[in-house]
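Chemist: Listed below, chain by chain, are the residues.
Protein chains: 2
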Amino acid sequence: MDRKYVIGVDIGGQTSKLGVVDTRGNVLAQSVIRSDTHDDVNLYVKDLAAAIRKLTDQVEGMAAIRGVGMGVPNGNYYRGTIEFAPNLKWKGVVPLAQLVSDELGLPVALTNDANAAAVGEMTYGVARGMKDFIMITLGTGVGSGIVIGGNVVYGHDGFAGELGHTVQVRNNGRLCGCGRNGCLEAYASAVGVARTAREILETTDRGTILREIPWEKISSKDVAEAAQQGDSVAIDIFNFTGNMLGAALADFVAFSSPEAIILFGGLTKAGDLIKTPVVESLNNNLLDLWKGKIKVEFSQLKESDAAILGASALAWEL
Amino acid sequence: MDRKYVIGVDIGGQTSKLGVVDTRGNVLAQSVIRSDTHDDVNLYVKDLAAAIRKLTDQVEGMAAIRGVGMGVPNGNYYRGTIEFAPNLKWKGVVPLAQLVSDELGLPVALTNDANAAAVGEMTYGVARGMKDFIMITLGTGVGSGIVIGGNVVYGHDGFAGELGHTVQVRNNGRLCGCGRNGCLEAYASAVGVARTAREILETTDRGTILREIPWEKISSKDVAEAAQQGDSVAIDIFNFTGNMLGAALADFVAFSSPEAIILFGGLTKAGDLIKTPVVESLNNNLLDLWKGKIKVEFSQLKESDAAILGASALAWEL
Chain A
1 MDRKYVIGVD
11 IGGQTSKLGV
21 VDTRGNVLAQ
31 SVIRSDTHDD
41 VNLYVKDLAA
51 AIRKLTDQVE
61 GMAAIRGVGM
71 GVPNGNYYRG
81 TIEFAPNLKW
91 KGVVPLAQLV
101 SDELGLPVAL
111 TNDANAAAVG
121 EMTYGVARGM
131 KDFIMITLGT
141 GVGSGIVIGG
151 NVVYGHDGFA
161 GELGHTVQVR
171 NNGRLCGCGR
181 NGCLEAYASA
191 VGVARTAREI
201 LETTDRGTIL
211 REIPWEKISS
221 KDVAEAAQQG
231 DSVAIDIFNF
241 TGNMLGAALA
251 DFVAFSSPEA
261 IILFGGLTKA
271 GDLIKTPVVE
281 SLNNNLLDLW
291 KGKIKVEFSQ
301 LKESDAAILG
311 ASALAWEL
Chain B
1 MDRKYVIGVD
11 IGGQTSKLGV
21 VDTRGNVLAQ
31 SVIRSDTHDD
41 VNLYVKDLAA
51 AIRKLTDQVE
61 GMAAIRGVGM
71 GVPNGNYYRG
81 TIEFAPNLKW
91 KGVVPLAQLV
101 SDELGLPVAL
111 TNDANAAAVG
121 EMTYGVARGM
131 KDFIMITLGT
141 GVGSGIVIGG
151 NVVYGHDGFA
161 GELGHTVQVR
171 NNGRLCGCGR
181 NGCLEAYASA
191 VGVARTAREI
201 LETTDRGTIL
211 REIPWEKISS
221 KDVAEAAQQG
231 DSVAIDIFNF
241 TGNMLGAALA
251 DFVAFSSPEA
261 IILFGGLTKA
271 GDLIKTPVVE
281 SLNNNLLDLW
291 KGKIKVEFSQ
301 LKESDAAILG
311 ASALAWEL
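Going down the list, the sequences are from chains A and B.
Start counting the first sequence at 1; every next residue gets the next number (this note's numbering).
Start counting the second sequence at 1; every next residue gets the next number (this note's numbering).
It should be emphasised that the hints constitute simulated quantities derived from the structure, not laboratory data.
One thing to keep in mind: the hints can contain errors.
[To be verified] If you want the ones that stay clear, here's a sample from chain B, every Cβ over 10 Å from chain A, calculated:
{"#": "1", "residue": "56"}
{"#": "2", "residue": "161"}
{"#": "3", "residue": "204"}
{"#": "4", "residue": "305"}
[To be verified] Covered stretches of chain A (chain B as the covering partner; in silico rule of three or more C-beta atoms under 8 Å from a C-beta of chain B):
{"#": "5", "stretch": "154–164"}
{"#": "6", "stretch": "213–225"}
{"#": "7", "stretch": "265–278"}
{"#": "8", "stretch": "287–296"}
{"#": "9", "stretch": "302–316"}
Using N, Cα and C, we set each Cβ at its ideal position, and we do this for glycine too.
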């Protein structure tokens, strides 16, 4: 039988999403299993394999599946491992690709979720036909997937593309989850936007509808909603975030001169509130030769399917 | 006849160096022509072709030449052009590779000098066998050649690898030759080291033998010599330079996770004066996963031959 579908698996701290995907990026069937209830990874793999088999009953069975692609935290593409992932139960180095492959009798590839998103965008999304682009994921953290000459950059050890941990504020920068200070992620993530909001509320007496929300509960979504209502503090927060992100992107362009930068993840729901200052700051900070020439695009993958699509795209390359 | 040699041409603002090179990186014959006396690039190309023909008389003639590699300011590898080079007489976009190829009847490739240095290091130098490394050239400016998966990164337009123009000081940064402020090049170049020296002399009254040199004539070489004699101001200047360069390199590692960073050019003559603070700062600034794991090496190409070797290495790939 023609192996015309792939499986995409996106492993998060609480749940794993899985789906069957065709070459056009249609998710034909999907389901979810827990990823936080198995202390032993082998038991998780058995659950995952069972869920995959069950899912394929909705298409043409396992015989129609070409391979499995997985997006996982701290995933190492070269070794097919999860390595020291702080938010997963399985500690140390876990040879997940091999375990899943042995269980299913199919080839398996894995990488981190931002790299998977980049492959997904190249396979099904706005980056189709592009050879050189950078995907920036603006979620709880800031991740990146870098494509050069049509290939994801994995680096000598499989861990390249940590652009969320480039240092943007060298003096008195915010503490980042990585233990260092001033990382892009501490500012340009959803968490970073909320931190910026709290800093402004705490250090100024500017009037804003954000003060109606309990201080510790302010989210980037609240800031976006306030900005959409014309709240000037909320608009300033997005301008601040976009300015910093745009300046960072200008340095990334100096590295690999991509055709486009593709923004993905929760913060992009703010639309032009974030895109306009990013594009302006990018062009203000670029070398003359690139001014006005680097595209900035939002991902075109359907939000609910994006994680599965990104992961699945890896499997077409197997 | 076996085409067993290549020609390397390094074009600078004043002179062009050219040489015949064998597969092991021996420069068998070399010469120099002016690059600043021809307003018409076609006349320059005729001079260059004549010099190349003459040079090959010293080996086995033009029939033994496989191709020509050229390192040129603002060189575009994809198009074989020089584009808007501020320090050359030929303005606009010059299709140099085609002109030289037509004149000699040989394949010609060109790129900028830092990319050429990276290819040279990979072909003949300390990066032999490496697939992922970053070459940083510390000369009058700061250039870079990035190799990922064994290929130089040219980007979507041929201009990737401008790491000297990543912004390291976002507030009150030094004016850079590119017209922006705070670029790495304004600090970590030979010119940058001299600027740091002048700043310290001007803003402090610290005692240093550098005060014996006319203020406007202080060079990075003077600073290195003073440091080698134990002058504490001069040593501080190298520590400052190395700290900033190391922090910048940590961000570059977050991008492409190279096996090694290779330092090349005039400033490397300072040896451990520059290398020690660079390595320390790099490791202080890296994410934990890379601490102590990224090699920092000096180029092993013979200084006098390096420009020709770098350029020539391009020709083996033709």
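Chemist: Are there hints from earlier that the structure breaks, and if so, what are their numbers?
Modeler: Result: hints 2, 6, 7 and 9 break, sorted rising.
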